[in-house]
Amino acid sequence: MKIKAIVWIMLAAAGVARAYEPAASVADLVDLEKKVAAVSAKTMPATVALVSENTGSSGSGVLVSEDGLILTAAHVVQGMKEVDIYFADGKKWLGKVLGANFSKDIGMVKMVEAGPWPFVKIGESKPLEAGDWVVALGHSAGFDPARTPPVRFGRLMSDGPGNYFTTDCTLIGGDSGGPLFDLDAKLVGINSSIGESWKNNNHAGVDGFREDWDRLLKGETWGTLQMNPMANPETPVLGIGMGMNEGIDGVLVYKVEPNSPAAAAGVRVGDVIRSVDGDRVREGAELQEVLVKREVGDKVKLGIVREEAEIEIEVELVKREELFKVK
Amino acid sequence: MRTYEFTAISAFLLCASLSAPAQRAEDEVPLMRPDERKVVDAQADEFNKALEPILSDAAKSAVTIWTRGTNKPIAYGTVVGDGTSILTKWSEIERFADMLFVNGAKDQGAKAEVTGVFTEEDLVLLSIPAEAAEVEDLTAAKFHLSDLSLGRFLVATRPDGKLAGFGVVGVLERNLRETDKAHLGIMPDFQYSGAGIRIANVQPEYGAAEAGLRSGDVILQVNERKISGLLELKNALSGKSPGDKVTLRIETAGKERDVEVLLSNRPVIGQFAGGRLNAMERMGGKLNGIRDSFSQVVQSDMKIQSNQIGGPVVDLEGRVVGITMARADRTRTYIMGGAAIEDLLKKKSDTVAEARTKTEKLKAELAQQNRAMLPEMRRQAKPRDLPRTRRHLSDLQRLLGRANRELDDLERR
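Chains as they are written, first to last, in my numbering: chain A, 407 to 733; chain B, 165 to 577.
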């Protein structure tokens, strides 16, 4: 009971405390405007279009080092070995495609020429939360020599699933692989996909690159482009199979994968999971929704009913693909 | 012509698969947590309230435009001139030109007459009686000729002083009109993969034809710039204007020569954007019919309804810096700056009849061009497209399967 109370207060605090820069007065807005203008000016030279001469497909990317390392989306460089890099001034250069992780929709390209190239600083995506102001750039609708990549200003709407997050910076075809910045002009995300609503623009968090940096640099390609986060190989899971929940208040554990963290923590077949970190879950879909928003490595406290006793078990989440790996 | 590669189908899949577990139709952002919703809703309220003080002056220059039998305005307008003239979007009110009403904050409704059309910019001037303008407490917008630099905040107001739309300057002022751009008059050979660009067809009466270029010639260079692809040719011409001359290095049957070509105005070309991009443009709301043919506009990410176009836009000091011209797609709203509007208002306008004649002529030209060019522009499917097309098909089949299952579920309930 004690833990429940603490969790509840933390949630309430998160609702009141404000992490984002305030926008409560005209003076606040003037400050914000200055920052957005500064971010636009600072990041524009390092924002590029990635165009395949073969297929004519067009995406975006951003330079993050003086020697010409470009971060982009995996699906932008899918099936390519080389790609044409266009800068906002219309100049064309050649890029060599390095690695890509399709599960996170992140990819790397390297300029063939040595540079020095304009570049942006890499920030952090994990600390981002709802309300944080962000600026997106990208070559919307393909590279157009008549204009620079359009600037869009918005905020984080929702964090997750996994390494992804959603903003209201409106994106469209061609923006894929383009950069998303915080108000310090640091790269925090890569444009990935959109949903129907203009508030539903999805980005891959830049922290995903950190984890995979060496493999990407070496030119490895792996993962699957899976827009359904429940089926994404890198989605965080407990390692249980869920039973039918007809007549059961909670989620019936029907199966426990042998190599899973659930098994290691002592979750058993027949247990009924009723809460995650104090939040009630009434059915499997709710449990999935809660977990998909957590990250791999997070520890969750499961409230479990076992043989009419209430117990609590802590489980560390792993990537779905880890469950079935032969060790 | 471009071919677009993006995740439209995947993104549609995203919507379909994520809305399924929770069955919440109103979810604009799938999987948004309640605490996140609370934060962003409170933030939006705070932001909109902070904007209101700067809108109060400009709101007196904003009106809504109505016709009989609708319960929503058909457009917004901006009060200009002596305070009895309203500038608004021509294509949105054209069908109702004989039956127009204008409302200010007091909603008294004054009958309005068309006094002149700026057909090329898709704007129209309406006139209302002086008494009506007084009753509604309208004042003409004083355009502030501010520099609309990247990232500047832009705010569209409603007549009641509430927010109509917010965005930032995303692209500096430019001319969107294709016909004002320089044109060589060739159709490239899309199958060709050697150095330069091989000409498939030469359009009669344009510069290339006049200079004696023929089908099969290869363009190697434009002035000093080597050309290896279509985009590069476009880049090389993007700084040039109709009437300029360029020197092309041409290769014909192994022999090279320099040819001087006079650039002309680009012919009217319809929208050839790929089907997928067309679908994506509309994701996020209705668009205006005329949205890409303006000669001097700033591009903004302003989110605004297509029936709220034509009203004033202010900066953070509350000064009117322009008017909204079109909601062009999910990512774009076009805004005409104050200086451009003042120049336009000094020009001679068309009568309604003249404007309609011009439009008809343009449509006929467009139809003719489309007929002439469509077979050339249509991209031929190639063997290498096969895996991608298969993938799209299987995505669609999965989506269909899912939709069917959901329908079955719903029917069973």
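Hints were generated in silico from the structure; no laboratory data involved. If you're wondering where the values come from, they're calculated on a predicted model, not measured in any experiment. Be careful, since some hints might not be right.
As the list claims (entries may be wrong) - Derived lysine to aspartate or glutamate pairs resembling EDC-like cross-links, with alpha carbons at most 16 angstroms apart:
1) B:546 to A:473
2) B:527 to B:481
3) A:440 to B:258
Stated by the list, open to error - Chain B is nowhere near these chain A residues, computed Cβ spacing over 12 angstroms in every case:
4) 426
5) 444
6) 548
7) 566
8) 605
9) 621
10) 626
11) 678
12) 696
Claimed, not checked - Anything over 12 angstroms on all C-beta distances counts as not near chain A; from chain B, calculated:
13) 196
14) 279
15) 319
16) 409
17) 463
18) 493
19) 526
20) 576
We treat Cβ as the ideally placed atom computed from N, Cα and C, and that holds for glycine.
To see whether the hints hold, each was checked on the structure:
1. Distance check on the hinted pair: residue 546 (chain B) and residue 473 (chain A) sit about 36 angstroms apart at the alpha-carbon level, beyond 16 angstroms; violated.
2. In summary, the hint linking residue 527 (chain B) to residue 481 (chain B) is not supported, as the alpha carbons are separated by about 42 angstroms, beyond the 16 angstroms threshold.
3. Between residue 440 (chain A) and residue 258 (chain B), the direct Cα distance comes to roughly 40 angstroms. Violation of the 16 angstroms bound is thereby established for this hinted pair.
4. Interface exclusion of residue 426 (chain A) from chain B breaks down, the closest Cβ pair being 7 angstroms apart, not more than 12 angstroms.
5. Taking the minimum C-beta to C-beta distance to chain B, about 7 angstroms, the non-interface status of residue 444 (chain A) is violated against the 12 angstroms cut.
6. In this structure residue 548 (chain A) is not separated from chain B by more than 12 angstroms, as the shortest Cβ-Cβ distance comes to only about 5 angstroms.
7. Here residue 566 (chain A) does not stay apart from chain B, with its beta-carbon only about 7 angstroms from theirs, under the 12 angstroms limit.
8. A cut-off of 12 angstroms between C-beta atoms contradicts the statement that residue 605 (chain A) is not in contact with chain B; the least separation is 5 angstroms.
9. Residue 621 (chain A), annotated as away from the interface, keeps every beta carbon of chain B farther than 12 angstroms; the closest lies near 23 angstroms.
10. The non-interface label for residue 626 (chain A) is consistent with chain B: the shortest C-beta to C-beta separation is roughly 21 angstroms, beyond 12 angstroms.
11. For residue 678 (chain A), the requirement that its beta carbon stay farther than 12 angstroms from each beta carbon of chain B is met, with the minimum near 19 angstroms.
12. With a minimum CB-CB distance of about 9 angstroms to chain B, residue 696 (chain A) fails to clear the 12 angstroms threshold, and the non-interface call is violated.
13. The beta carbon of residue 196 (chain B) sits about 4 angstroms from the closest Cβ of chain A, which is not more than 12 angstroms, so the claim that it is off the interface is violated.
14. The claim that residue 279 (chain B) is not at the interface with chain A holds, since no C-beta of that chain comes within 12 angstroms of its own (minimum 34 angstroms).
15. The non-interface label for residue 319 (chain B) is inconsistent with chain A: the shortest C-beta to C-beta separation is roughly 9 angstroms, within 12 angstroms.
16. Residue-level check passed: residue 409 (chain B) sits 20 angstroms from the nearest beta carbon of chain A, beyond 12 angstroms.
17. Residue-level check failed: residue 463 (chain B) sits 6 angstroms from the nearest beta carbon of chain A, not beyond 12 angstroms.
18. With 12 angstroms as the threshold on Cβ separation, the claim that residue 493 (chain B) sits away from chain A is violated: the shortest Cβ distance comes to roughly 6 angstroms.
19. A cut-off of 12 angstroms between C-beta atoms confirms that residue 526 (chain B) is not in contact with chain A; the least separation is 21 angstroms.
20. The beta carbon of residue 576 (chain B) is kept farther than 12 angstroms from every beta carbon of chain A, the shortest such distance being approximately 15 angstroms.
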